[in-house]
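S.K.: The chain contents come next:
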Amino acid sequence: MSETRWIGKSVKRVEDARLLTGRGTYIDDHPPVANACHAAIVRSPLPHAVIRGYDLSAALALDGVVGAITGEDVARHTKPFSVGVTAPIHYYCAATDRVRFVGEPVVVVVAKNRYVAEDAAELVQVDYDPLPVVLDPERALDSTAPVLHQAVGSNLAGHRRLVYGEPERAFREADVVLSERFSFPKYGSTPIETYGVIARWDPLDGVCTVWSNFMGPFIMHPLTARVLGLAENKLRFIVPTDIGGSFGIKSSIYPYIALMALAAMRLGVPVKWIEDRREHLLASSSGTDRVAYREVAACRDGTILGMRFKWLDNVGGYIRSPEPGCSFRPTGNFVGPYRFQHLEVDASVVMTNKSLTGPNRGYACGHLYFETEGMMDRLADRLGLDPVEVRRKNLVQPDQFPYRTPTGGLYDSGDYPAVFDKALELARYDELRREQAKARAGGRYFGIGLALAVDPSVSNMGYVATALDPQFRAKPEYLPKSGAVDAATIKIDPLGRVIAILGTTPQGQGHQTVVSQIVADELGLAPQDVTVVDEMDTFTRVWSISSGTYSSRFGSVGTSAVALAARKLKAKLVDYGAHLMELPVASLEFRDGAVRPRSGKGPSYSIKDLAGRAHWNTESLPEGMEPALQATAVFGFTVAKAVDAEDRVNSSNTYGFIAEVMAVEVDPETAAIKILRYVTVHDAGTIINPMIAEGQIYGGALHGLGGALYEELAYDEHGQFLTGTFMDYLVPTASEAPPIDIAHIVSPSPLTPLGSKGLGESSSMTVPAVIANAVSDALAPLGIWINELPMTPSKLWTAMDRARRAGAPTVRTGVSEPLASFSGHPRPKPASRTPLP
Amino acid sequence: MKPPKFEYHAPTTLDEAIAALGRYGGDAKVLAGGQSLMPLLNFRLARPAALVDLNRIASLAYIREQDGQVRFGAMTRQRTIEFSPVVAQRLPLLKEATRWVGHLPIRTRGTIGGSIAHADPSAEYPAVLAALEGEVVARGATGDRVIRAADLFQTYLTTNLAPDEILTEVRLPAMPAGAGYALEEFARRHGDFAIVGIAAVVVREGQRCTMARLATAGAGPVPVRLRAAEEILEREGLGDAAIAAAARRATELVDPDADIHASADYRRHLAGVLTKRALTRAIGVARG
Amino acid sequence: MVTVRLNVNGVAHEGRCEPRKLLVDFIREDLGLTGTHVGCEHGICGACTIMFNGEAARSCIMLAVQADGAELATVEGLMRDGKLHPLQEAFREHHGLQCGFCTPGMLMTALDFLRTNPAPSDREIREGISAVLCRCTGYQGIVNAVRAAAPILASGR
Ligand SMILES: Cc1cc2nc3c(=O)[nH]c(=O)nc-3n(C[C@H](O)[C@H](O)[C@H](O)COP(=O)(O)OP(=O)(O)OC[C@H]3O[C@@H](n4cnc5c(N)ncnc54)[C@H](O)[C@@H]3O)c2cc1C
Ligand code: FES
Ligand code: FES
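Residue numbers (the working numbering), protein chains in the order written: chain A, 1 to 837; chain B, 838 to 1125; chain C, 1126 to 1282.
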């Protein structure tokens, strides 16, 4: 093991100097091609309609307009994108025959500048025949609902019933069964930088080059090549060094890559398109809105025997890859940190006339834990136990790692009780309960919420196949999928300085800094001796279909590739040193930046020395040694396996853990929620840069808070979009951001060379749960359970007002609709404040 | 999100501005701070034939005291008002209200005239104008007219200013020395327009209330003076029971609408809660 | 077309554009100063905030022609003698940025805020910077940076 002088330190970021002085290179900053023309997109004003025809004459006649492409061109010259389900859904990069949501691209107009392009876009006439609209995923499955895709025959894009263990028996044998209906809102990532694409087509060499702020996964590169009818080695994706945030959404930019590439190819000019904020809110991507029915079966002492999930995930007008990840991305951690073995998941992926969905920070885990942790509190309440006790009773224990979950997940390391205890201690939980008793006696609504979550990082590409039937996967022509790899190259120049080359696509995570720390430690240098180049280019970087910066993967897989590349290089230096010193390799080591005898006695060769010799005098290299001080390593997880016949899959590769405690007070008059204390404790394995790690936690937590309290992409009942501005779609500001107490516990991952895991999504997945639970607890005197987000003051007050008018409760009800029954099962007694008989 | 084409005029005198407006027969728009108009242009929700930019008319930016009033040139920036000693002394309610208007960089450009002419039902300045029974001066081709707050606001984003008129001055009576005041507001995020806001002024003599003023933001299509609630205080004094009765009355006097941020019932309820809070705070700072 | 003559970061510039050209587009495209960013084009996100005659303002809801004769400062002008401005330094020290996209607007806003409120409380800092949206940091690093920079800027005045 090398010394870790830099790993674990809050090294200041090398990215900052350029970003603080206005010298970043974002997609809109430095035109990589001269004379790019600018695109504006004509979008559907209707949620559902047949396209009868286009009239472009006025638009094309406008001075400065270069040309336009329509859905007809798209249908003629491109193929639909592959989708993750078997239903015959044709998803093109723009509407071809029908529009299925407000904001769907219909025509692209290209002009000398964006102002003129927008003028021309206004002049485009599209003739529509409106169709009936459906927005609610439950209603969409009704036999009378309008059907979006005739070829599918219904609005069900996919459905899986996954059974693990014997849920029927668990529910039969349970002392108590509880059920609840939850609904989770549609909210987005809203990075401050929107999408941007620049496409250039060179007809002579047949290469289409596309610059964009695409974050990966680069599986979309070959798929886009197919859509455009290009060979993969004729389509070049370049991602600039700086991306202005993403949080998942920039994985869904690829249809626009195809659309702008098509425009460039058809019109013969380089085309630049920068999405505006209205377009972004209207049509880029979001998490799914979900209706969930949950059931839990437990013993009287709080031991959970099993659970049932029934989900309706609303993916909007089409299903766009990587959906239906909304349902299956967390497969391996469906059970969260709990030990129960019996689970039934009934997942319906539903299409409606809303915008399309995709990854949003914490991909589907915010939904998962909002429901599960909500059920934990309802169970505690029903059994008259403290919510802490119910959770403790069910936690996976430290001696169970590596822990195989019933759904196929392999939790690599952890000490969940220790993290939980630390959170309770930091929050002074007992004291909070005493404060609460006092506050309640005074008629105040003071509540304490808990949330625990397994924080999965580095998705295994194999999870996507969970959406497919096992019979389908068993066919001989079906190719299994698995994997999570990343690559890094390190070179030493003739003076001994180091350059590390990455193909990742960071969006603010400080990869250059983190890599400089790792390489500095491995090679005994200082971080400033390491220059890190990070600019993805599919023509020059080493990459694979899982490449990209998503799913909290860099801290785990990317750093591993860097460490391995450095170690490869180090081994080479030792070999070279041994040759020069005429000593056996085994007697040497690489320490403090030099190859030295292990005995400590005798001469040593510094990196600088070795580099100079190796570059200037290749004759000095041992026979057979490649004459280059450069190493590329590709790290891949061997635990990333394809989904098995029983639908078990290790959907991620490293698994951290989060425990949170939040105390809130709800204003009895305005229903405003005030966060009084918020503690979050993380175990993400080895932390390479604590400053950067904490930054991720702060950002993730506020994103989760946005979804819980402020943000919703809302539609009226006719399918018109209501939140197309930042006045209506409310991203939290500094005044809404709570101070956070953060702590770490470190259980190094046995699977990565540095012991690190990811934590980029972190508290975005726990905050909706913890604050909903805290508010439910605060409003327990009124009998209110939070089962719907966002908790706007208006909605919350309405529930409080209703409860107060109804008098003191015995049975707690949800904020939204009354509890609906879990389909197919007898409706159990609702959770109540009365103890079990 | 780029504005559509328009002709642009930046006159340096008011007369030129009026003349320019007249030439477009209602198709031109006045550009003041642009903090409301420019977003509308960028969204292409407004498409005037021309903009008449008032920013180069130096004579439209002033704060002066006259006849017991504080008079503001229409182009006086919200930021200037925020830091004005005259405003702090004579119109502390306006100063407090200003802090609720967006954010500092918005107030750098936003003007008092623009805020009132724009007549956003959730905006603070119209509520203050209503509470203080202020008036505005409008100039058109035929000269000046003075419009009382009560007559100015017609409905959402609509005043009785004619398209070729320019709001030139805002006049607010100086608040009586020692008057208590407060602006209570509930918004979902800091710096947002109010879901509901209540401006309150009370003048007290001991427990007696010699004058009460209450006006709303966000509780209807125009700012609402809550006269019947004010009368309760003027009749019954400033005790808790009177405050509670006034707050209850406030909920009956407003007729709010629902939108994505809040239901009508919630807004009505907030009108009561904020009336109580504003009065309590106003009474707390009132001297006399 | 109109002619716009203005001074940006102490340097005189001249350009010609349509009257409808937004100031932020003029700064970025015509003057090549791409440090000022565009995030919403309707005045909310604050990414485009610059100093206009010494006061922070949104350049996406101003016209370039309105800046004729004005003095502007943008993020590119903050460094002095090859050294980071103390506020920039504080942002670096306290991890006040991640992707950096909001940062130019955040810096200009914070500078103006600290000028009007040289010794702010944490609550006031939060209110002050709530003029700018940041999606990355959860704002804590920014609050820490502004708090740390306040006395340095105040003493330098
Ligand atoms: C992020 C943000 C947050 C905001 N938050 C708030 C808030 O919380 N509360 C609030 O009250 N406001 C808020 N505003 C709006 C701001 O206060 C505006 O300044 C104000 O509404 C309009 O003033 P203006 O000078 O900018 O007018 P402009 O935008 O220039 O004009 C607005 C309208 O009034 C007309 N007009 C302007 N001046 C005159 C005149 N002298 N005579 C005749 N017509 C005229 C214009 O033609 C136009 O129709 C916010 C704005 C932004 C961008
Ligand atoms: S781009 Fe100007 S405020 Fe958002
Ligand atoms: S640092 Fe990314 S938006 Fe603020």
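Treat the hints as calculated values from the structure; they're not laboratory data. Just so it is clear, CB atoms sit at the ideal spot from N, CA and C, and this is done for glycine as well. Among the clues, some could well be false.
[Claimed, not checked] Here are some of the chain B residues that sit facing chain A, going by a computed Cβ distance under 10 Å:
(1) 841
(2) 844
(3) 880
(4) 991
(5) 992
(6) 995
(7) 998
(8) 1109
[Stated by the list, open to error] Derived lysine-lysine pairs resembling DSSO-like cross-links, with alpha carbons at most 30 Å apart:
(9) B:842 x A:491
(10) A:475 x C:1208
(11) A:438 x C:1208
(12) A:641 x A:12
S.K.: Go through the numbered hints given earlier and state which of them the structure violates, listing their numbers in rising order.
M.R.: Of the numbered hints, 2, 4, 5, 6, 7, 9, 10, 11 and 12 do not hold.
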